[in-house]
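Let the hints inform the model, and build the full structure from the sequences given.
From first to last, the protein sequence lines stand for chains C and P. For the first sequence, my numbering gives the first residue as 1, with consecutive numbering after it. For the second sequence, my numbering gives the first residue as 1, with consecutive numbering after it.
Hints are supplied without guarantee of correctness; some may be wrong.
Copies of the same chain look alike in the list, so a pair counts if it fits in one copy or across any two.
Subject to a maximum C-alpha distance of 20 Å in a straight line, what follows is the list of computed DMTMM-like cross-link-like pairs (lysine to aspartate or glutamate) [said to hold, decoys possible]:
| id | residue 1 | residue 2 |
| --- | --- | --- |
| 1 | Lys85 | Glu124 |
| 2 | Lys85 | Asp137 |
| 3 | Lys68 | Glu79 |
| 4 | Lys68 | Asp40 |
| 5 | Lys85 | Asp140 |
| 6 | Lys68 | Glu84 |
| 7 | Lys85 | Glu22 |
Simulated from the structure, these hints should not be mistaken for laboratory data. These numbers were taken from a predicted model, which means no experiment stands behind them.
2 protein chains.
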Amino acid sequence: MRRKSFADMECPVARTLEAMGEWWTMMILREAFRGIRRFDGFQARLGIARNILARRLAALVAAGLLEKRPYSSRPPRHEYRLTEKGRDLFPVLVAMMEWGNRWAAPGAGPAVSLVDRATGRPLEPVIADAATGRRLDPRDVTLVPGPGAGRETLEALGLAPSAASAPSRGAASP
Amino acid sequence: MRRKSFADMECPVARTLEAMGEWWTMMILREAFRGIRRFDGFQARLGIARNILARRLAALVAAGLLEKRPYSSRPPRHEYRLTEKGRDLFPVLVAMMEWGNRWAAPGAGPAVSLVDRATGRPLEPVIADAATGRRLDPRDVTLVPGPGAGRETLEALGLAPSAASAPSRGAASP
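Here it is as structure tokens:
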């Protein structure tokens, strides 16, 4: 199926999906968070062809999520390190992991879980407000337009006339 | 590019990606979290062809992320509601939104941001431990095998012999 570009949408979720590029991005970043830095390390862990991996790593570097750093000059060799922009995807990865452990684990239970490195205590990751520590629930939050809000966003928030049906006056489904 | 199935991988991130199916899933769920329930509402908001939307909604129902509920018997009409399994993807969506606002916002700034529904106060979503409220940082956490861990997971965690290069003995990159 043809993939539509999300780059010109205002929605931050759409723009994140565009930056992530494709599912494989998260698999490569997963390994980077686990400490893998070198081409052959990624290749062995992910089991994909070298030319495909090379293209994907180049795309992640171009997107600013990984950076190439030399670790040897003779012979010239480099490794791939997470940038701050890449490291900031950690919450996305953790949220996916939690969902997978709850809803898509193998029959025997989760294959892997997250623990406190210092104590070994199991962690229960949730999305919380940094200021208050309060857990964020869909019913407790809402969206407001920011400085970059254009017509698309205002329409989505019901603050400008729109062709979209509001939930209360939605037309019949087929 | 051919998309490899992640369904038989043990990794919870891979299994979540498999369940989500494709990027468009998150766009449809985004609208569902905003209260859109009816076919024409999704269609107007997403601007995609009806046959494509119908196929995607059917896939989300088949995956158990949305459920069809009748709201009229004459004529027979139904709407699409988030299941508990679908609602549990909220943290993934919020984490993507936060990243997009930080790293991929339009020039003028974020188009939309999350606020407390009751007070209107801006929220700063982070991934935190539910038990302690402590913010989870990649450097503070590690992975341990769970009951569903097989060879794939044990190898990934360095607890079984593997063909993969460990970071410290990674081979040269090309």
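Results of checking the hints against the structure:
no.	hint	in the structure
1	Lys85 - Glu124	between (24 Å within a copy, 17 Å between copies)
2	Lys85 - Asp137	between (26 Å within a copy, 14 Å between copies)
3	Lys68 - Glu79	within (6 Å within a copy, 49 Å between copies)
4	Lys68 - Asp40	within (14 Å within a copy, 47 Å between copies)
5	Lys85 - Asp140	between (28 Å within a copy, 18 Å between copies)
6	Lys68 - Glu84	within (13 Å within a copy, 41 Å between copies)
7	Lys85 - Glu22	within (17 Å within a copy, 23 Å between copies)
Violated hints: none; the structure is consistent with every hint.
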